[in-house]
Amino acid sequence: MSEERLQLESQLCEEIKKFTKKNIWPEASADDEKQIFRKEIYQKLGDLGIAGMTTSEKYNGMGLSYQSYTRALSEVARASVAYAVTLSVSGMVQNIISQFGNNSQKEKYLSELAKGQEIGAFALTESNSGSDASALKSTAKKTKGGYLLQGSKIFITSGGVAKTYIVMARTGEEGAKGISAFIVTDGMKGFSYGKKEKKMGWRVSPTTELIFNQCFVPKENLLKEEGEGFEIAKAALDPGRVTIGAISVGLAKEAFYQAFKYANERKQFKKPIIEFQAIEFMLAEMNMEICASELLVAKACELLDQIKASKKNNEILKNTFGKYASMAKVKASDTAMKVTTDAVQILGGVGYTAEYPVERFMRDAKVLQIVEGTNQIQRGLIARYLKSEILG
Amino acid sequence: MWFFSSEEKELQKVCRDFAAKELAPKAQYHDEKESFNLAAFKKMGEIGVLGITASADYGGAGLGATAATISMEEFGRACASSTLSYLAHTILCVNNIQNNASKEQKEKYLPKLISGEWVGCMGMSEPEYGSDAVGIQTKAVSVGDKYRITGTKMWITNATYADIAYVYTRTGPEKKNLTTFILEKNKKQFAAGKAIHKMGMRASPTGELIFDNSEVEISHRVGKEGDSIYHMMKNLELERITISGISLGLARACVEQCVKYANERKQFGKTIGNYQLIQKIIAEMSAEYEMMRCFLYSVAKEYDKGNKGPTVAAQVKLAIPKIATKIALDAIQLHGGYGYSREFPVERYLRDSKLMEIGAGTNEVMIMIIAKNLLKTAQTI
Numbered sequence: 001m002s003e004e005r006l007q008l009e010s011q012l013c014e015e016i017k018k019f020t021k022k023n024i025w026p027e028a029s030a031d032d033e034k035q036i037f038r039k040e041i042y043q044k045l046g047d048l049g050i051a052g053m054t055t056s057e058k059y060n061g062m063g064l065s066y067q068s069y070t071r072a073l074s075e076v077a078r079a080s081v082a083y084a085v086t087l088s089v090s091g092m093v094q095n096i097i098s099q100f101g102n103n104s105q106k107e108k109y110l111s112e113l114a115k116g117q118e119i120g121a122f123a124l125t126e127s128n129s130g131s132d133a134s135a136l137k138s139t140a141k142k143t144k145g146g147y148l149l150q151g152s153k154i155f156i157t158s159g160g161v162a163k164t165y166i167v168m169a170r171t172g173e174e175g176a177k178g179i180s181a182f183i184v185t186d187g188m189k190g191f192s193y194g195k196k197e198k199k200m201g202w203r204v205s206p207t208t209e210l211i212f213n214q215c216f217v218p219k220e221n222l223l224k225e226e227g228e229g230f231e232i233a234k235a236a237l238d239p240g241r242v243t244i245g246a247i248s249v250g251l252a253k254e255a256f257y258q259a260f261k262y263a264n265e266r267k268q269f270k271k272p273i274i275e276f277q278a279i280e281f282m283l284a285e286m287n288m289e290i291c292a293s294e295l296l297v298a299k300a301c302e303l304l305d306q307i308k309a310s311k312k313n314n315e316i317l318k319n320t321f322g323k324y325a326s327m328a329k330v331k332a333s334d335t336a337m338k339v340t341t342d343a344v345q346i347l348g349g350v351g352y353t354a355e356y357p358v359e360r361f362m363r364d365a366k367v368l369q370i371v372e373g374t375n376q377i378q379r380g381l382i383a384r385y386l387k388s389e390i391l392g
Numbered sequence: 001m002w003f004f005s006s007e008e009k010e011l012q013k014v015c016r017d018f019a020a021k022e023l024a025p026k027a028q029y030h031d032e033k034e035s036f037n038l039a040a041f042k043k044m045g046e047i048g049v050l051g052i053t054a055s056a057d058y059g060g061a062g063l064g065a066t067a068a069t070i071s072m073e074e075f076g077r078a079c080a081s082s083t084l085s086y087l088a089h090t091i092l093c094v095n096n097i098q099n100n101a102s103k104e105q106k107e108k109y110l111p112k113l114i115s116g117e118w119v120g121c122m123g124m125s126e127p128e129y130g131s132d133a134v135g136i137q138t139k140a141v142s143v144g145d146k147y148r149i150t151g152t153k154m155w156i157t158n159a160t161y162a163d164i165a166y167v168y169t170r171t172g173p174e175k176k177n178l179t180t181f182i183l184e185k186n187k188k189q190f191a192a193g194k195a196i197h198k199m200g201m202r203a204s205p206t207g208e209l210i211f212d213n214s215e216v217e218i219s220h221r222v223g224k225e226g227d228s229i230y231h232m233m234k235n236l237e238l239e240r241i242t243i244s245g246i247s248l249g250l251a252r253a254c255v256e257q258c259v260k261y262a263n264e265r266k267q268f269g270k271t272i273g274n275y276q277l278i279q280k281i282i283a284e285m286s287a288e289y290e291m292m293r294c295f296l297y298s299v300a301k302e303y304d305k306g307n308k309g310p311t312v313a314a315q316v317k318l319a320i321p322k323i324a325t326k327i328a329l330d331a332i333q334l335h336g337g338y339g340y341s342r343e344f345p346v347e348r349y350l351r352d353s354k355l356m357e358i359g360a361g362t363n364e365v366m367i368m369i370i371a372k373n374l375l376k377t378a379q380t381i
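Heads up: the sequence lines are chains A and B, in that order.
Just so you know, my numbering puts 77 at position 77 of the first sequence, and the rest follows in order with no gaps.
Just so you know, my numbering puts 52 at position 52 of the second sequence, and the rest follows in order with no gaps.
Keep in mind the hints are simulated off the structure, nothing from the lab.
Among the clues, some could well be false.
To be verified - Only pairs whose alpha carbons sit at most 20 Å apart, straight line, appear in this in silico SDA-like list of lysine to any residue:
id: 1; chain 1: A; residue 1: Lys198; chain 2: B; residue 2: Pro25
id: 2; chain 1: B; residue 1: Lys260; chain 2: B; residue 2: Leu236
id: 3; chain 1: B; residue 1: Lys322; chain 2: A; residue 2: Thr353
Stated by the list, open to error - Among chain A residues calculated to face chain B with C-beta under 10 Å, some are:
id: 4; residue: Glu3
id: 5; residue: Ser29
id: 6; residue: Thr207
id: 7; residue: Gln268
id: 8; residue: Gln369
Just so it is clear, CB atoms sit at the ideal spot from N, CA and C, and this is done for glycine as well.
Work out the full structure: start from the sequences and follow the hints.
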């Protein structure tokens, strides 16, 4: 790990901390209650340079490693999982365009996303295809000069506030091979937003239905070739999982910090409650799990950075990364759930109220075990990676 | 169920029908609005459960812990937070008055509390004294034949709606100098502070009770000065048993909702109930539910026979809420994205479940009690 990189990361994290303290923390609870997303906050996060951290400098990104990127995301997540997720999904869209887009697509879409002036969103899930993503039913029928999109997508993070959407739709046969990926932008005729979900947590981040009613998408908005959509989605989801791991780590760290602070301040039976073993052991356990998760995320990032730096297509390295990405996502999100739940427990009655942030942390944690492939799906993937790793 | 008598089964049916008609349809609405379902509360008075453990002399049903727990489970399955308010009224206020108050006091307060005309609450916790309850600082100073009460109670279920408060105060410097009063809102003997916004149990109002040099006649005192410790201890076991019924109801709601969803939801061409991962979640949560139900009702039945013990009540209150929270987490996971949205009730079940590990004595306090008793007696199980 280079000195220079570490210094840069620490500096960036300090800036993020300062920014979130001033701009996110004061309204965090009220915005959660009212489900308010503030685009200006996102844009200011973009001004700090973290909306396109891994995107090339050529397109106004920072061209940094995933190791740096995930540290920054963790820091944002300490204050707001919702904005961290918005960054992560918009980063994923840039990742897709950088990796699979042609030059004119890169020119056209990347800069404003990397600068954080606009937001990107990813639309795969449908009401009847969640975990079973390749069964999606939205269609894109070929027409003169492009495609007509028909169907709807649900649970789309940043739906309605994003400008650039990567939409998966069926152009051919049933199954994974009949799916293509399109860039769809806000305002296209026939593209509208359905209902905004009311959710348990992540309430600041809008989750919305996307509706396509004979929406014309020009052929230059097709990514790669027809039928490559599912491969594109899969390639984007692995790095996406690592970012969910990093967000989980940030959330868990903040929950731990709040619980630790409280346990030192709160007195019952005439001494600070941290002096009771029941509390002390809980805190030690929480921190141990966080450290383990953080290391797993860092390991996955290291492998991903290696893949990105290498010119050759190394299948073994890719599989190893895939395994670590899934493991990091499961371990970190399970840890975030456990740690936030324990934080509420340590704060007791006040932890259950909206006056302290830990109950929000607990609500925000749960969906980390569900998004980007549920933790059940991840376990299946891990088993599959292990099979090819051990049995060949 | 094998250990329910025909009367108990009948009560279960009455409560279940009531919950389906009056509680379930409004549960999501009151959760969202953070409002109290006062109409349903009044109707509980009509079906006669608001004094479920109180004597028939005052309009009560004269039943025991088993019956009360049945009502908690059935109501809790439909709307846990309305049930928490029902519990605060019935078990914390009404039952304490029934146990400890004088005949005159019972005649004065119980009929209106049991009919639902008045809402009751109990005031024990304070901002600085939660788990350490006997340290409370709200002071009652004797002035002639009256008392003056000053202080603040915190986390009081029903505070903002209560007409009657059953309150513990300090009347001397020694730890045990605690004295109980029954206070009336319309005599301005207490005021409600601001409502507290909560993660769950949102249909159950929680707030402060404020005593600003309130003047209280001696007739409001329950028993003698220093009786509070005795009063507290007498009711704790019933509280811990019955409140665990709410967790039991939540767990059952989770199991039922998961079974329904696993039969409906299709992925990869078949209903998800076909996958072992889903089967595991459902099988385990149902086994845990059955285990909890056997434990809870066995303890409740023994309690009704007079076999009481602080250890087993604390064991109930430690084990059941904890497992119920875990079941609710699993229920969301089984529902995936839908489970996280407010379209399905399981995310509410989780938010409500968590409180049960904190209210009426935290898990950690239960651990202290159980361990202390086990270590002290050192008996073989």
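Tested hints:
Between lysine 198/A and proline 25/B the alpha-carbon distance is near 18 Å, which keeps this suggested pair within the 20 Å criterion. For the suggested pair lysine 260/B and leucine 236/B, the alpha carbons sit about 37 Å apart, so the restraint of at most 20 Å is broken. For the hint linking lysine 322/B to threonine 353/A, the alpha-carbon distance of about 19 Å falls within 20 Å, and the restraint holds. Interface hint status for glutamate 3/A: violated, as the beta-carbon distance to the closest one in chain B is roughly 42 Å, over 10 Å.
At its closest, the beta carbon of serine 29/A sits 9 Å from a beta carbon of chain B; the interface hint therefore holds under the 10 Å criterion. Given the 10 Å rule on beta carbons, the hint for threonine 207/A holds: about 8 Å separates it from the nearest Cβ of chain B. At about 4 Å, the closest approach between the beta carbon of glutamine 268/A and any beta carbon in chain B falls short of 10 Å, and the interface hint on this residue holds. With a least beta-carbon distance of about 6 Å to chain B, the hint placing glutamine 369/A at the interface is held under the 10 Å criterion.
Checked against the numbered hints given earlier, this structure breaks hints 2 and 4; the rest are met.
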